[in-house]
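J.: Keeping their order, the protein sequence lines are chains A and B.
Counting with this note's numbering, you get residues 1 to 261 for the letters of the first sequence.
Counting with this note's numbering, you get residues 262 to 526 for the letters of the second sequence.
FYI, nobody ran anything at the bench for these hints, they're computed from the structure.
Accuracy of the hints is not assured; some may be wrong.
Okay, derived cross-link-like pairs now, DSBU-like style, lysine-lysine, Cα gap no bigger than 30 Å in a straight line [to be verified]:
1. B/K330 - A/K27
2. B/K446 - B/K468
3. A/K38 - B/K330
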Amino acid sequence: MHFVQKLGAVTLRLILRMGSMGIFLAKAAFYSVTPPLKFSLVLKKIQFIGFQSISVIFLTGAFTGMVLGYQGFNTLSRFGSDAFLGPMVGLALIKEMGPVISALMVTGRAGSSVTAEIGIMRISEQIDALELMGLNPYRYLVVPNFWAGVISLPLLTAIFDVVGIFGGYLIGVKLLGVSSGVYFGEMVSYVDMSDIWEGVFKSLNFGLLIAWICCFKGYYTGYYTGFGAEGVSKATTQAVVVSSVFILVWDYFLTSTRLFF
Amino acid sequence: MIKVEKLYKSFDGLEVLRGASFSVGKGQVLALIGRSGFGKSVLLKHIAGLMQPDSGNVIVDGHDMASLKGRDLSRLRNRLGFLFQSGALFDSMTIFENVAFPLKEKTKLRENQIREKVIYQLELVGLKGSEEKYPSQISGGMIKRASLARALVEEPEIMLFDEPTTGLDPLTGQSILNLIDSCHKRFGFTGIIVTHEIPKIFEIVDKVAMLHEGEILFEGSPEEIFSSKEPLVRSFLSGSIQLSKGELESGRGGEDIYDVDKRDS
Ligand SMILES: Nc1ncnc2c1ncn2[C@@H]1O[C@H](COP(=O)(O)OP(=O)(O)O)[C@@H](O)[C@H]1O
Ligand SMILES: [Mg+2]
Numbered sequence: 001m002h003f004v005q006k007l008g009a010v011t012l013r014l015i016l017r018m019g020s021m022g023i024f025l026a027k028a029a030f031y032s033v034t035p036p037l038k039f040s041l042v043l044k045k046i047q048f049i050g051f052q053s054i055s056v057i058f059l060t061g062a063f064t065g066m067v068l069g070y071q072g073f074n075t076l077s078r079f080g081s082d083a084f085l086g087p088m089v090g091l092a093l094i095k096e097m098g099p100v101i102s103a104l105m106v107t108g109r110a111g112s113s114v115t116a117e118i119g120i121m122r123i124s125e126q127i128d129a130l131e132l133m134g135l136n137p138y139r140y141l142v143v144p145n146f147w148a149g150v151i152s153l154p155l156l157t158a159i160f161d162v163v164g165i166f167g168g169y170l171i172g173v174k175l176l177g178v179s180s181g182v183y184f185g186e187m188v189s190y191v192d193m194s195d196i197w198e199g200v201f202k203s204l205n206f207g208l209l210i211a212w213i214c215c216f217k218g219y220y221t222g223y224y225t226g227f228g229a230e231g232v233s234k235a236t237t238q239a240v241v242v243s244s245v246f247i248l249v250w251d252y253f254l255t256s257t258r259l260f261f
Numbered sequence: 262m263i264k265v266e267k268l269y270k271s272f273d274g275l276e277v278l279r280g281a282s283f284s285v286g287k288g289q290v291l292a293l294i295g296r297s298g299f300g301k302s303v304l305l306k307h308i309a310g311l312m313q314p315d316s317g318n319v320i321v322d323g324h325d326m327a328s329l330k331g332r333d334l335s336r337l338r339n340r341l342g343f344l345f346q347s348g349a350l351f352d353s354m355t356i357f358e359n360v361a362f363p364l365k366e367k368t369k370l371r372e373n374q375i376r377e378k379v380i381y382q383l384e385l386v387g388l389k390g391s392e393e394k395y396p397s398q399i400s401g402g403m404i405k406r407a408s409l410a411r412a413l414v415e416e417p418e419i420m421l422f423d424e425p426t427t428g429l430d431p432l433t434g435q436s437i438l439n440l441i442d443s444c445h446k447r448f449g450f451t452g453i454i455v456t457h458e459i460p461k462i463f464e465i466v467d468k469v470a471m472l473h474e475g476e477i478l479f480e481g482s483p484e485e486i487f488s489s490k491e492p493l494v495r496s497f498l499s500g501s502i503q504l505s506k507g508e509l510e511s512g513r514g515g516e517d518i519y520d521v522d523k524r525d526s
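Whole structure, please, built from the sequences with the hints as guidance.
T.: Quick look at the structure:
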């Protein structure tokens with residue numbers, strides 16, 4: 001094929017794909033806010049995406065905080081300002097590390113199985129079966145994940161932040177000798193409500209993003225990735241990769257434009 | 262009631278349907294026969310509105326399926342039952358929950374009424390005692406019967422069956438055909454049965470259509486098909502009948518017929 005033709009074909013495909021992703025998001029959003037809501041399914045998904053992620057978030061939060069404690073102390077003490085360890089750990093966690101790492105962990109832990117579950121339902125015609133009953137598959141399969149993502153992510157991020165701050169405390173105060181009053185005192189005076197809002201806003205975005213991409217990839221298994229077990233495994237891999245990349249890109253976008261906070 | 266007009270459909274250059282046309286009157290049951298891989302399932306999915314034709318029309322009860330959307334589409338689908346070739350049971354639910362699902366989600370029946378209906382339906386398809394099993398824990402034949410129960414429990418006006426007896430032993434297969442027949446007598450659905458059960462199926466249907474290379478090669482009554490002069494129809498019929506005799510003598514299941522069918526197509 002001619003180079004220009006190829007380029008055109010690729011561009012067209014990309015635009016089409018983006019279009020269908022956009023339509024998918026619009027539909028999911030519409031069905032999320034209009035009744036009837038399958039409340040029990042939402043709870044089930046919160047249990048899966050949120051509750052079952054707590055241990056992972058706890059572990060990663062603790063170690064992220066601890067390593068921030070070390071690195072922060074090392075850097076700050078070069079300038080003799082290790083008193084600012086508290087605000088540094090706090091701000092780094094609340095504004096960036098908390099939302100981003102939580103989102104990445106949830107993508108790996110829950111996002112992949114969301115895609116696999118919906119993808120298997122697609123290739124085994126269970127989604128068609130729902131549709132043939134006159135029921136809306138979005139309401140049963142997609143909407144619960146959207147709500148669960150949007151509700152769970154901020155809560156998980158909060159857990160991550162708190163555990164991380166105590167991880168930093170453990171290293172900074174208990175091990176390296178920053179005074180406890182200074183660690184928390186400076187943190188309280190330097191961390192604003194707007195910083196916390198930034199973190200919450202980001203985690204809301206990421207929750208939506210994960211649900212969107214992982215549900216989309218599952219829902220359209222077969223259309224883009226081929227059928228069968230291989231189609232599902234490809235869709236799952238793509239969902240994790242695309243969500244992770246989007247989380248980081250979107251994080252940069254939100255941080256740099258400061259449109260929302 | 263169901264009218265298929267000059268249906269064309271291809272997948273990535275593979276022409277599956279090439280101008281298929283036929284019709285089924287209200288309350289009639291039609292057997293759709295033909296070799297495996299010739300697009301019978303695809304045709305059925307067009308009638309249910311799961312696939313959109315490249316050209317041609319599917320008219321169900323006066324509605325053009327291609328242009329039906331949203332609420333109108335779900336209203337029509339509420340009157341339609343579909344038995345998937347693969348069963349398509351919800352694998353996160355037990356057999357009982359699967360059959361109860363459409364009733365629970367769409368009707369205002371009380372829990373014990375639903376229970377009663379579901380148990381009755383499962384008894385009819387011979388699945389009593391397997392209510393609490395999951396689809397992954399039962400055999401292919403049982404999956405088929407469970408999904409038949411799920412399709413019939415709503416007593417739909419239109420029933421589409423995709424190979425309801427394939428993969429079942431001859432006795433169970435016969436009992437499923439009897440069940441379909443008795444349901445038809447009880448609530449008089451309009452139906453299409455995709456099947457390889459020749460000649461057994463001719464006892465319970467009003468009409469036969471044979472799909473060959475994307476077109477309907479024959480459409481008429483079971484009596485007429487035996488007097489058809491078309492060589493392809495004759496050879497398909499005699500081949501199928503011989504196979505099914507062989508099956509009865511050697512006691513082989515329907516799945517084998519399907520395989521032989523596939524091999525020589
Ligand atoms: N969703 C699909 N995408 C691509 N090809 C398909 C699809 N569904 C069916 N086909 C093809 O259409 C042909 C007819 O399939 P099918 O209707 O399942 O045959 P059968 O008559 O055995 O039911 C097959 O060659 C199959 O590969
Ligand atoms: Mg088929």
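J.: Quickly compare the C-alpha distance for B/K330 and A/K27 to 30 Å and report which way the hint goes.
T.: 14 Å, holds
J.: Has the given pair, A/K38 with B/K330, been kept, meaning a C-alpha gap of at most 30 Å?
T.: Judged against 30 Å, a Cα distance of about 22 Å means the pair holds.
J.: Please work out if B/K446 and B/K468 have their alpha carbons no farther apart than 30 Å.
T.: 16 Å, holds
Consistency with the previously given hints is maintained throughout, with no hint failing.
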